[in-house]
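K.L.:
Using the sequences plus the hints, can you model the full thing?
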Amino acid sequence: SHDPVRREIAKIALEKLIVDGRIQPARIEEVVTKAEKEVKDIIREEGERAVFELGLKRIHPKLIDLLGRLKYRTSYGQNVLIHSKEVAYFGRIMAEELGLNVELTKRAGLLHDIGKALGQEKEGAHALIGAEFAKSCGESKEVVNAIAAHHGEEEPMTIEAILVQVADAISAARPGARRESIENYIRRLQNLEKIAMSHEGVERAYAIQAGREVRVIVNPENIDDDTALTMARQISKEIEENIQFPGQIKVLVIREKRFIEYVR
Numbered sequence: 001s002h003d004p005v006r007r008e009i010a011k012i013a014l015e016k017l018i019v020d021g022r023i024q025p026a027r028i029e030e031v032v033t034k035a036e037k038e039v040k041d042i043i044r045e046e047g048e049r050a051v052f053e054l055g056l057k058r059i060h061p062k063l064i065d066l067l068g069r070l071k072y073r074t075s076y077g078q079n080v081l082i083h084s085k086e087v088a089y090f091g092r093i094m095a096e097e098l099g100l101n102v103e104l105t106k107r108a109g110l111l112h113d114i115g116k117a118l119g120q121e122k123e124g125a126h127a128l129i130g131a132e133f134a135k136s137c138g139e140s141k142e143v144v145n146a147i148a149a150h151h152g153e154e155e156p157m158t159i160e161a162i163l164v165q166v167a168d169a170i171s172a173a174r175p176g177a178r179r180e181s182i183e184n185y186i187r188r189l190q191n192l193e194k195i196a197m198s199h200e201g202v203e204r205a206y207a208i209q210a211g212r213e214v215r216v217i218v219n220p221e222n223i224d225d226d227t228a229l230t231m232a233r234q235i236s237k238e239i240e241e242n243i244q245f246p247g248q249i250k251v252l253v254i255r256e257k258r259f260i261e262y263v264r
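Heads up: the sequence shown begins at 1 in the numbering used here, then just goes up one per residue.
Any given hint might turn out to be false.
Computed list of lysine to aspartate or glutamate pairs in EDC-like fashion (alpha-carbon distance at most 20 angstroms, straight line) [unchecked claim]:
no. : residue 1 : residue 2
1   : Lys135    : Glu155
2   : Lys62     : Glu36
3   : Lys250    : Glu221
4   : Lys37     : Asp65
5   : Lys257    : Glu238
6   : Lys34     : Asp20
7   : Lys11     : Glu29
8   : Lys34     : Glu53
9   : Lys34     : Glu15
10  : Lys250    : Asp225
11  : Lys62     : Glu132
12  : Lys237    : Glu200
13  : Lys237    : Glu193
14  : Lys34     : Glu8
15  : Lys135    : Asp65
16  : Lys257    : Glu203
17  : Lys57     : Glu103
Hint data in this document are derived by calculation from the structure and do not stem from the laboratory. Please read these numbers as outputs of a predicted model, since none were measured by experiment.
P.N.:
So, in structure tokens, the structure goes:
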């Protein structure tokens with residue numbers, strides 16, 4: 001099934017049937033009904049836990065249900081419920097540092113992706129769907145706007161809405177948070193090394209730290225210290241212009257000269 005909640009119900013039911021050994025139509029229906037109730041309870045508990053962990057109050061039961069459903073949703077391999085809690089945590093920290101409305105930022109951060117739990121039932125951008133549903137559940141216009149604006153479909157009305165955008169980007173873009181195809185990953189590393197190797201005097205280049213650092217080894221006979229500094233700047237500029245990457249990439253040019261003498 002393309003519905004992650006239905007997949008979980010099927011998984012639990014199959015596991016129980018295999019253990020039980022009685023795989024008959026009547027027994028299957030009974031086990032599926034129990035699995036549905038079990039998943040429903042898990043959804044409610046996960047939603048309530050997320051709200052409790054963040055110290056939020058007066059969240060509509062329907063929103064709690066959607067939060068729990070996000071436990072079974074992923075985006076590029078990143079669990080959406082965990083991502084939503086991270087956005088709330090990051091948003092809270094930034095709001096505290098800036099002296100802004102912490103409760104508003106946490107609330108909007110936690111709820112910003114609830115539209116993904118409605119995606120099977122309604123058509124449209126998940127940010128707008130989620131905002132509309134939050135409004136129907138009595139959320140404030142500030143929270144509704146922050147949900148709608150987190151991907152740019154609407155203009156943010158408050159600074160807190162902008163903090164949700166930033167927190168969302170931080171959670172999604174940090175290395176390891178989301179999967180990408182191995183082909184794209186390898187291609188990016190190859191392109192980083194290719195840019196470095198295109199410069200005269202470069203002997204070897206290595207993209208390391210998951211592509212967050214490029215080490216460039218130059219010939220010390222042909223490249224002096226000033227040229228090495230200029231080269232580091234040129235490579236950085238070329239990478240910035242040609243490769244998209246979240247965060248920053250460190251370019252390290254190494255000019256090593258060795259002097260060896262033997263004692264006989």
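K.L.:
For each hint, tell me whether it holds in the structure or not.
P.N.:
The hints, checked one at a time:
1. Lys135 with Glu155: Satisfied, since the Cα-Cα distance of roughly 17 angstroms is no more than 20 angstroms.
2. Lys62 with Glu36: Between Lys62 and Glu36 the Cα gap is close to 17 angstroms, so the pair holds against 20 angstroms.
3. Lys250 with Glu221: 24 angstroms, violated
4. Lys37 with Asp65: Holds. Lys37 to Asp65 sits at ~13 angstroms (cutoff 20 angstroms).
5. Lys257 with Glu238: 27 angstroms, violated
6. Lys34 with Asp20: 14 angstroms, holds
7. Lys11 with Glu29: 14 angstroms, holds
8. Lys34 with Glu53: Violated - the C-alpha atoms of Glu53 and Lys34 are around 28 angstroms apart, more than 20 angstroms.
9. Lys34 with Glu15: 12 angstroms, holds
10. Lys250 with Asp225: 18 angstroms, holds
11. Lys62 with Glu132: With Cα atoms ~13 angstroms apart, Lys62 and Glu132 stay inside 20 angstroms; holds.
12. Lys237 with Glu200: 16 angstroms, holds
13. Lys237 with Glu193: Within the cut-off at roughly 14 angstroms; holds.
14. Lys34 with Glu8: Holds: Lys34 and Glu8 sit about 12 angstroms apart, inside 20 angstroms.
15. Lys135 with Asp65: This hinted pair holds, its Cα atoms lying about 16 angstroms apart.
16. Lys257 with Glu203: Holds, at roughly 13 angstroms.
17. Lys57 with Glu103: 10 angstroms, holds
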